[in-house]
Structures are given as structure tokens and as C-alpha cells.
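Visitor: Here are the chains, one letter per residue:
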Amino acid sequence: MKVAIIAANGGAFDAYKVFNIATAAAAADGEVEIFFTFEGLNLIHKEAHKQLPMPEGTEHFKEGFEKANVPSIPELIEMAQDLGVKFVACQMTMDVMGLSKEDFVDGIEVGGAATFLNYAKDADISLTF
Amino acid sequence: MKADFTVDASGLTCPMPIVKTKKAMNNLEGGQVLEVLATDKGSIADIQAWAESTGHQYLGTKEDGEVLKHYIRKASEGEEKEEKKYDKTIDNNGLKSKLNEDITIIDVREPAEYAFGHIPGALSIPMGELEERLNEIEKDKDVYVVCRTGNRSDMAAQKLSEKGYHVINVVPGMSEWDGPIEKSDS
Chain A
1 MKVAIIAANG GAFDAYKVFN IATAAAAADG EVEIFFTFEG LNLIHKEAHK QLPMPEGTEH
61 FKEGFEKANV PSIPELIEMA QDLGVKFVAC QMTMDVMGLS KEDFVDGIEV GGAATFLNYA
121 KDADISLTF
Chain B
1 MKADFTVDAS GLTCPMPIVK TKKAMNNLEG GQVLEVLATD KGSIADIQAW AESTGHQYLG
61 TKEDGEVLKH YIRKASEGEE KEEKKYDKTI DNNGLKSKLN EDITIIDVRE PAEYAFGHIP
121 GALSIPMGEL EERLNEIEKD KDVYVVCRTG NRSDMAAQKL SEKGYHVINV VPGMSEWDGP
181 IEKSDS
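Each protein sequence line maps, in turn, to chains A and B. Residue numbers for the first sequence follow the UniProt record's numbering, so the first one is 1 and each next one is one higher. Residue numbers for the second sequence follow the UniProt record's numbering, so the first one is 1 and each next one is one higher.
Hints in this document: simulated from the structure, not taken from any laboratory. It is possible that some hints are incorrect.
With a straight-line Cα cutoff of 27 Å, these simulated BS3-like cross-link-like pairs (lysine-lysine) come out [as the list claims (entries may be wrong)]:
hint, chain 1, residue 1, chain 2, residue 2
1, A, K62, B, K183
2, A, K67, B, K23
3, B, K69, A, K67
4, A, K17, B, K20
5, B, K41, A, K67
6, B, K183, B, K96
Some but not every residue of chain B turned toward chain A, in silico, with C-beta under 10 Å [claimed, not checked]:
hint, residue
7, P15
8, K20
9, K23
10, A49
11, T54
Note that beta-carbon positions come from the ideal geometry of N, C-alpha and C, so glycine has one too.
With these hints in hand, go ahead and build the complete structure from the sequences.
Guide: Given below as C-alpha cells:
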């Protein structure tokens, strides 16, 4: 199973959608690559990923997340990388936002649209969040 | 229920039960059984789907209050390859027609597999215990050996035949068994 994911949004809910699917796929021996672009870069930004915003009006779900013992985003990132999920940051967005590879969590790669397309062309599952 | 290894994912949400299962499975040898404890109700469907996509064998789930106990048997390499060597075999229907006769049926699968469904009256002797439990098998009866796909029982049949038993291997075995089934708790 080969899974290609585009992460283009930067909220806490977006992060859960992306990393839950990615870790589940990797745990089922899937090959997984996530392409982070535009606000999606927040999900792997060294500082930003630790305090991603909840969508407006849903702040009260915070308690639900804690009660259900949902893993934190930093934990999910570590787990995903541990299971071999590949993180690719979009070079073009980084240039626009003035970010460099050092601004992100360790172990990421940097690439462009063609990099992602080349990976995704024979993927069994392609997802965009 | 006897398992070789237990991993505790209780109190954890998706995707943690699957991630924990995957990591624990790496420590098992082919053929061993993993017990996964979970409280996430979604894990019932998820564990089965996970087993299907990874090729491991989902045995079943027991509910113990809030806790779900899932049992999965790790696939061994080349398990699905059909390499039968023992020449005396019978198919499932053949055995079904003999259930009322005075025969011995030995189920050589793991105890957890046996517990989730076996032929009524079959004696559970896991492959690994066969040598030391030979005294439980009567010599003057026909012995039918069964497992899931006919591979482990093939090895068992060869072993028993060497020891002087009149043995018949049941092919394919429990994976396609549609006759009577009995379940047990331990």
C-alpha cells in the first residue's frame, strides 16, 4: 500500500487528520509520504506544531481531546517518523514565507511539486487535507 | 486465553492500538499469538482490517468488561505456500462424513486459534507440544490431524507417522471448515 498525502492547512484538526491516517497506514506496512505546503508547513514547524490553533468556536473540544487521551501532535509526529513516514516540505512555500530547513522538525526533506507528483503517480491512495 | 505476548493499548485512541500492535508484532516469531488489550471500540474493526492488510491472522476478540482483548497470530514466512509432503490426506468433506465414527481428531493450532472455533471433540495439542504429549493419543485409532491450512498438520502427520500412528492429514483444514464448530473459553 502506497499512500500520498498533501497537508495544506495548519490547524490542530488538520494535523490530527493528517498524522492519524499517516501513522495508521505506516503501521499497516504502508509506504507513506506527506507533502506539506502553505499553512500545512505549520504542522512540522519546530515551534508552531506544538501549539496549533483549534478552529474558531471549537476550543471547548480541548477537554474532549484530553479526556479521550488522544496523543499530542508532537507525539504523533515522532511516531509517524519512527514508523518511516516521509515528510517533505514545499520549497516554494518555504521561500515565500522565508523559512529554511532548520525551522522544521528534524528528519524532513525539501522538494517541489514535481517531487510529490513523481511519488504520487503510482500511489494506491492520495489524500488532501 | 493463552498468548505468547501481550500489549496493552487500553485507554488509548486511534491510531495507537494499531501502532502498538504493529510494534509488538515485530518481537514475535512467525506462528506466535499476540494479545492486544484495548478500550477503543473502533479497534475491533481496525485490528481486523490491519490484520487483513498485513497478512497476519485475526483470531477473534473477547470482551472483558470495558477491555477488548484481540488475538492475532503472526504469519510465518511462506505460510501460504502449499508444500505438502505427507501422502495420506483427506479433504474437509471426507472428515465431516467420519465425525460419527470412533476416530481421534487432533488440532495442532495454537490454543487461541482452537478456542475461537474447533471441530467438536478435537483434542488440542499445539504443534510445539506434540512430542511431549504423545501419550495422550491412542495408538489403535485412526488419527486425523488438522490445522488452519494443512501445513502445520502436514508436519504433525509426518511426525506421528514416524512414531507408528495411523495418521491422515486434513486438507485444507479449519480455514475452510464449514462443519460443526465448538468454542471454548481457555
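Visitor: Would you mind marking each hint as holding or not holding in the structure?
Guide: Structure-based check of each hint:
Among the hinted pairs, K62/A with K183/B is inconsistent with the structure: their alpha-carbon atoms are about 44 Å apart, more than 27 Å. Distance check on the hinted pair: K67/A and K23/B sit about 25 Å apart at the alpha-carbon level, within 27 Å; holds. Between K69/B and K67/A the alpha-carbon distance is near 22 Å, which keeps this suggested pair within the 27 Å criterion. The hinted pair formed by K17/A and K20/B meets the criterion: a straight-line CA distance of about 19 Å does not exceed 27 Å.
Only pairs whose Cα atoms come within 27 Å are accepted, and K41/B paired with K67/A is accepted, the gap being roughly 15 Å. Simply put, K183/B and K96/B have alpha-carbon atoms about 18 Å apart, close enough for the 27 Å limit, and the pair holds. A distance limit of 10 Å between C-beta atoms decides the matter here; for P15/B the minimum to chain A is near 4 Å, and the interface restraint holds. Taken as an interface hint, K20/B checks out: its beta carbon lies about 9 Å from the nearest beta carbon of chain A, inside 10 Å.
Using the Cβ-Cβ criterion of 10 Å, the hint placing K23/B at the interface with chain A is satisfied: the shortest such distance is roughly 8 Å. Look at A49/B: its Cβ gets to within about 8 Å of chain A, closer than 10 Å, so that hint holds up. Because the smallest distance between the Cβ of T54/B and any Cβ of chain A comes to about 5 Å, under 10 Å, the interface hint for this residue holds.
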